Amino acid sequence: MSPFEILLENFLQALTAGVLVGTIYGVMCVGLGLIFGVMRVINFAHGSFLMIGLFIPYWLWLLFRIDPYLSMLVTAPALFGLGYLIQATLIAPLYRRERAMVLEPLSVLMLTAGVGLIIDNLTFMAFGPDFRGITLDFASKALWIGDILNINYTRLIAFLSSIAITVALSLFLGRTDLGRAIRSTAQNRDAASLCGINVMRIYNVTFGLGCAVLGVVGCLMIPFYLVSPSIGLAFGVRSFITVVLGGIGSIPGCILGGLILGVVESVAAQFVTATSASIFSFVIFILVLFFRPTGLMGMKV
Amino acid sequence: MGGDGTMASQPAPRNQTPAIVGAIALGILLLLPLAVKDEYYLHVCIGMMYFAYMASAWNIVCGYTGQLSLGHSALCGIGGYISTLLFINAGVSPWIGMLIGGVGATGVGVLVGWPCFRLRGPYFALTTIAFAEILRIWTENTEEFLGIQLRGAQGISVPLRGERPWLFQFDGKAPYYYIILGMLLAVMAVTWWMERSRLGFYLKAIRGDQDAAEALGINSTRYLLSAMALSSFLTALGGSFYAQFFRYINPERNMGLDLSIELALMGIVGGQGTVLGPVLGAFLLTPAGEITRATLGGKFPGLHLVIYGLVLVLAMLFLPRGLIQPIRRLLGRRAAPAEGEADLA
Amino acid sequence: MPLLEVKDIGKSFGGLQAVRRLSFAVESGEILGIIGPNGAGKTTAFNMIAGYFPPDTGAIRFKGEDITGLKPWDISQRKVARTFQLSKPFGDLTVLENAMVGGFHHQGSRRAARRKAEEVLGFVGMGAQAAVEAHTLTATDRKRLELARCLATDPELLLLDEVVAGATPAEAVAMMEIIRKIRDRGVTIIMVEHVMRVVMGLSHRVLVLHHGETIAVGEPQAVSKDPLVLKAYLGERYGKA
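Protein chains in written order, with my numbering: chain H, 1 to 301; chain B, 1 to 345; chain Y, 1 to 241.
Hints are not guaranteed to be accurate.
To be verified - Heads up, simulated EDC-like pairs for lysine to aspartate or glutamate below, C-alpha to C-alpha not over 16 Å straight-line: (1) Y/K63 / Y/D74; (2) Y/K63 / Y/E118; (3) Y/K71 / B/D211; (4) B/K173 / B/E39; (5) Y/K88 / B/D209; (6) Y/K79 / Y/D154; (7) Y/K63 / Y/E30; (8) Y/K79 / Y/D66; (9) Y/K88 / B/E39.
By construction, these hints were calculated from the structure, which means they are not laboratory data.
Quantities reported herein were computed from a predicted structural model and do not represent experimental measurements.
Produce the complete structure using the sequences and hints provided.
Dropping the structure here:
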């Protein structure tokens, strides 16, 4: 093959990889975007929740040989519960307090950072620093498109499922009563409260939902992703970037943001080291914040 | 240390108790190395004061402008790297290199701060993280730049030269102790002065309501950047000290998000926007962390961070203005961070 | 020469044209009221004059000098002051310290700023509350503090943004008195207001905005009978405090 063809093939491969992983980033952030859009809370523990969402299917597989796609039925509710609990017990009091006095709105950010610290390090204490993964039978098999594009089955499943989740979530928010309640609380919490919506309960449910999504994503990712207690912060930061990039309050925006990040990093990784590639994500993030603070598709900040 | 617990049993005149307590604390701090000979404990104390210093430097901008910077570690790293590289490659004494590093960090801080201060709340925090991470990742992946060895993730070691005071190296720990103590007292003095100056007054207004402050004639950009410049300079000095004391710096430890969070944690838990708050936070958390690491660290690695996280969560829930608040009330001062007795006339 | 000249200013947000080709002039010593239904562009126009954001088009001249697009602090330097709809006092500071913020910049020394602050607090009737912490104030007192803060900057032009919003009739009357006294000190006033009784009672002239444009300008009596104005306000209740 000519050098040009090799370059093209590499580029296409990188593009595909970027799209695949970007969609997953996007779905990961939908939860974060939901939480921020509804409650204006930056959940610094987001990455830590994802880490739990990866560990649960890992252990279920290791101990009981339960298929990760099946363990979603356990992981998602478990994370929903955890998120609900944390919002209801730790964050809600701050919320109630902030209405009364003039307080730093950043206290919620630091609180969730503290929660993240606790989760990350308890996990570290329990499981150690090693990176762990599982190997499914068909994990090494791939789908070939033409002669050049190679898509791993596990990633393909994750990609398609991510799209399904996004669609399902959009439908949920758009068509169901609970979804509408969530959206109206996001727009104007006082008005929603006047309409009889129990705002605190909506907050709890939203937080739980945002975390439940992470549970599903974790199950999708564990077949091809290595988990360790140290990934929490990196994922969290990555998620914030995606949410801001795509725009607060917009689910397609999150996916778009994730895609951009995934593709940019993937293509960049062809030229620089993989870790360096993340610099581009940060640069894009900064540029977007300065020149288009509402994000690519978001509503007003 | 932190002798705030030693109180007169009847309410003393407001202006005397804090002064007496402060003098006792200072005395203890000054005489400590004479009493404590064990190098390990001295090392721990130096660590305590280093963090108290860094948290205080962080506090100069974050406590008084209402913005949360989670990228301060980058400034620490810039200071440390500049002074160390100048030392290794050009033989410049770290005393001077420190100042140059400070200037460099100030430049970066102001340059980055200028567009960032437009952003409010969490966006500002996220942007500071982004800038710091860019620097860290770049440094981690760069072996050599313009002919200078950066050694990437491996970090740089400061060569051992023995007892050379003018090259900022000493054989024992005691000299380092006094240097960091001096730096800590200096940063506290700077904070105290700033609180009572025009700059401090304007910052309080900006923090209260930036739009209103601007409409009353306050050039918020100028004053926010002034605080940023001061904080950056001092943070960088701390980074140079770190390099000289531990004789090793690397991107992960000195430019990483973990350090930034730790500084913010200590400043906030202790009490943002006060002179003593960050010092209190550091004096409480650093030894707690060290003791945990020393006793249970083998069986439960990372436990000290769990404790930090727990303290942070509890502080945010119950004492959002920091541990310093109940102490202030005990000493009879106003609950707000602003010092009522700072006679503005 | 008019104190303030606004020529053809316009501003759009996204696709929405909030203000289009607005022109008016304000003479020294007068009180100009700006009224209009919700969304008419009053606050946008206000914010452009105050430097909160620059107009897309047009120019603003104050005492002959072009101040278009200047930053709020530069505009304050030129003796233009403004209040905010949502008045937030500087919570950590006392009432006196609040009033000193404006004074500091314009007076130079702490002592002078303090004296000025005491004077303006007395003027608005809050002298007794000087040592109170600002975040404990009632809503009306906050408005008065806001006025005091502005007055400490010795303005020649004062922009009032809905300064009687939410006030009881008695409070509104008290506020009107203060505004008259301010005007008697030689300060020119532009007030954006919804409360008809206040605006009509105080203003020498009234400007009516609708959809970002002027639809009427003139003396209060004339404007209140203008058919265009009545049409714009159809359905709105007058003078509800």
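Tested hints:
1. Taking the CA atoms of Y/K63 and Y/D74, the gap is near 14 Å; set against the 16 Å cutoff, the hint holds.
2. Between Y/K63 and Y/E118 the CA atoms are separated by roughly 29 Å; this puts the pair beyond 16 Å, and the hint is violated.
3. Distance restraint check for Y/K71 and B/D211: the Cα-Cα separation of roughly 11 Å lies within the 16 Å cut-off, and the hinted pair is therefore satisfied.
4. A distance of roughly 7 Å separates the Cα atoms of B/K173 and B/E39; the hinted pair therefore holds under the 16 Å criterion.
5. For the hint pairing Y/K88 with B/D209, the CA-to-CA distance comes to about 7 Å; that is within 16 Å, so the pair holds.
6. For the proposed pair Y/K79 and Y/D154, the alpha carbon gap of about 6 Å is at most 16 Å, so the pair holds.
7. For the given pair, Y/K63 sits about 14 Å from Y/E30 by alpha-carbon distance, which is consistent with the 16 Å threshold.
8. Distance restraint check for Y/K79 and Y/D66: the Cα-Cα separation of roughly 14 Å lies within the 16 Å cut-off, and the hinted pair is therefore satisfied.
9. Distance check on the hinted pair: Y/K88 and B/E39 sit about 53 Å apart at the alpha-carbon level, beyond 16 Å; violated.
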